[in-house]
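For chain A, the structure is supplied; the task is to place chain B on it using the hints.
Residues per chain, in single letters:
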Amino acid sequence: MSGGSAASALRAGARALGDLFITVGLVLLLFVAYQLVWTNVEAGRAQNQVADAIRDQWERPRGGTGSTVDMGNLDFGEGFAFMRIPRLGADYSVPVVEGVQLDDLARGVGHYRRTAGPGEVGNFAVAGHRATNGEPFARLDRMRKGDVVVTETRDAWFTYVVDRTRIVLPSDTWVIDPVPGKPRAEPTEALLTLTTCNPRWASTERLIVFAHLEEERPKSAGPPPVLAKGA
Amino acid sequence: MYGWIWKRIPGPLALRLLLALALAAAAVLVLFTTVFPWAENALPFLDVTVDGEAP
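Quick mapping for you: the protein sequence lines, in order, are chains A and B.
Read in my numbering, the first sequence has 207 at position 207, and its numbers run on one by one without any break.
Count along the second sequence from 1, add 231, and you get the number used in my numbering.
Okay, chain A solo, but in the shape it has when bound (with noise of 0.2 Å):
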């Protein structure tokens, strides 16, 4: 009697673990489901958004003239011009937000309030995801000398050329510097620094890109040359 008990017990007993086990497996499933999809079609719905958003408000009127953005009354998470980069897709195009916050990149790509907007001298530091979340920078590691990045306000399109990538440590904060690696220098050029996580599954370095502005023209001029050919 005793013995049976006893036996029915261990059989519950292992059954329930192997539930438990069962539960574990799933979930981890889904979780890895969430990661690679789920994450990725949320920032594709949500940079749409962005990217609707940002139309309807060059659509809009607005006073004052001149062809930067005006940094200081961006919100938080709020779009305000395009990324072009021909290198990782004809059709690459990424609309960039204000700040570098998660709920921000999850939205886009993300400038570092504090340094200069498009086409601005100083330094355009722009973060985004290499993996998950939309990860517009999946493939930042193609980037090569001369390769173009084109940045599209309401007013003009910003062609910035790669001068260089660098591996860095997290802590490395000099590469957003008006002058990356001169502290104190005036800036007098524009220059454009991406960052992203390096390597793409880990957060042990940062995959930065150097690239400085070559040319501004006027949104009526059409966009650049290299956008069309690659297309």
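What the hints contain is simulated information worked out from the structure, not anything from laboratory work.
The reader is advised that the hints may include incorrect statements.
With a cut-off of at most 20 Å between alpha-carbon atoms, the simulated DMTMM-like pairs for lysine to aspartate or glutamate come out as follows [claimed, not checked]: (1) A:LYS182 <-> A:ASP172; (2) A:LYS219 <-> A:ASP19; (3) A:LYS145 <-> A:GLU214; (4) A:LYS182 <-> B:ASP282; (5) B:LYS238 <-> A:ASP172; (6) A:LYS219 <-> A:ASP52.
Nothing here was measured: the structure is a model prediction, and the numbers come from that model.
Showing chain B alone in chain A's frame:
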């Protein structure tokens, strides 16, 4: 656990299957909307900025 739940779902077989499916869907929804977004913050590859600390 699954046997325990299954025994407590009422109704004929078709309805029980439907309810079981709904339960599973609810569990997945909770995971995707609350648990996974929270767990995601512990993953390393979301740190893409140069601030030297996790965002």
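Here's how the hints hold up against the structure:
no.	hint	result
1	A:LYS182 <-> A:ASP172	13 Å, holds
2	A:LYS219 <-> A:ASP19	61 Å, violated
3	A:LYS145 <-> A:GLU214	13 Å, holds
4	A:LYS182 <-> B:ASP282	18 Å, holds
5	B:LYS238 <-> A:ASP172	59 Å, violated
6	A:LYS219 <-> A:ASP52	18 Å, holds
Hints 2 and 5 from the list above are not met by this structure, while the remaining hints are.
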